[in-house]
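Novice: Sequence:
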Amino acid sequence: MKLHRMLLVVALIGMLSTAAFAEVLNLQVFTESGSFTIPKGVTRIEVEVRGGGGGGGAADGISSPVGGCGGGYGKGVFTVTPGSTYAVTVGAGGSGAVYKGRRGHEGGKSSFGDLIAATGGEGGASTHDYVSNCAGGKSAAPLNMPGFRSYYEGTGGAAGDGSSSGQGGTGYTNSGGNGSAGNVVVRW
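According to the working numbering, numbering within the sequence shown proceeds without interruption in unit steps and concludes at 198.
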């Protein structure tokens with residue numbers, strides 16, 4: 011019941027922030043780091059950030075490995091000054107563990123200047139004993155969601171889409187899969 015209420019609240023906040031920014035005419039998606047200069051005449055922008063997913067763990071030969079956590083997600087509307095330039099950082103996906111019994115590597119942080127950021131997901135463990143210790147990415151944005159654990163074993167995680175964060179890499183019996191990179195989306 012609590013989960014349903016939380017999902018409803020998140021959905022309503024998302025709709026309200028989108029409704030408050032209904033005049034979106036332009037969109038730029040960053041899949042690698044760069045910079046964004048506020049166009050002439052633009053005083054408000056909407057920004058979404060997705061942290062990179064954590065890499066999957068490598069099995070220790072006794073138990074199954076665990077996939078990495080997804081990166082965090084954040085979204086907000088900001089007042090800006092035309093001509094200002096913001097650094098855009100896109101978090102890389104964490105690499106999967108190469109050696110048996112090791113954790114995957116953490117995903118990278120995605121950010122838009124100092125306005126908004128989302129951390130990367132934690133790397134997966136080498137055994138399911140550590141599933142509860144998943145630390146998905148986080149964001150302090152007005153609308154934010156933590157990343158979640160990938161429970162699949164086998165191949166690497168797929169790229170995040172829609173409003174999801176970068177996905178964590180999956181655990182594998184030898185080496186872990188790599189996590190997906192995050193991204194940054196700017197609307198004005």
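Hints are supplied without guarantee of correctness; some may be wrong.
What the hints assert, rightly or not - Distance ranges between label pairs, derived from CB positions:
#: 1; residue 1: Y109; residue 2: S45; range: 46 to 52 Å
#: 2; residue 1: S43; residue 2: S74; range: 31 to 37 Å
#: 3; residue 1: L37; residue 2: D70; range: 31 to 37 Å
#: 4; residue 1: L35; residue 2: T95; range: 17 to 23 Å
#: 5; residue 1: K50; residue 2: V108; range: 14 to 20 Å
#: 6; residue 1: Y109; residue 2: V52; range: 19 to 25 Å
#: 7; residue 1: A97; residue 2: L35; range: 40 to 46 Å
#: 8; residue 1: T53; residue 2: A97; range: 16 to 22 Å
Just so you know, the hints here were simulated from the structure itself, not pulled from any lab data. Backbone N, C-alpha and C fix where the C-beta goes; we use that ideal spot for every residue, glycine too.
Novice: State for each hint whether it applies.
Specialist: Hints, one by one, checked against the model:
no.: 1; hint: Y109 / S45: 46 to 52 Å; result: 37 Å, violated
no.: 2; hint: S43 / S74: 31 to 37 Å; result: 35 Å, holds
no.: 3; hint: L37 / D70: 31 to 37 Å; result: 45 Å, violated
no.: 4; hint: L35 / T95: 17 to 23 Å; result: 20 Å, holds
no.: 5; hint: K50 / V108: 14 to 20 Å; result: 49 Å, violated
no.: 6; hint: Y109 / V52: 19 to 25 Å; result: 49 Å, violated
no.: 7; hint: A97 / L35: 40 to 46 Å; result: 24 Å, violated
no.: 8; hint: T53 / A97: 16 to 22 Å; result: 20 Å, holds
In summary, the numbered hints that this structure violates are 1, 3, 5, 6, 7.
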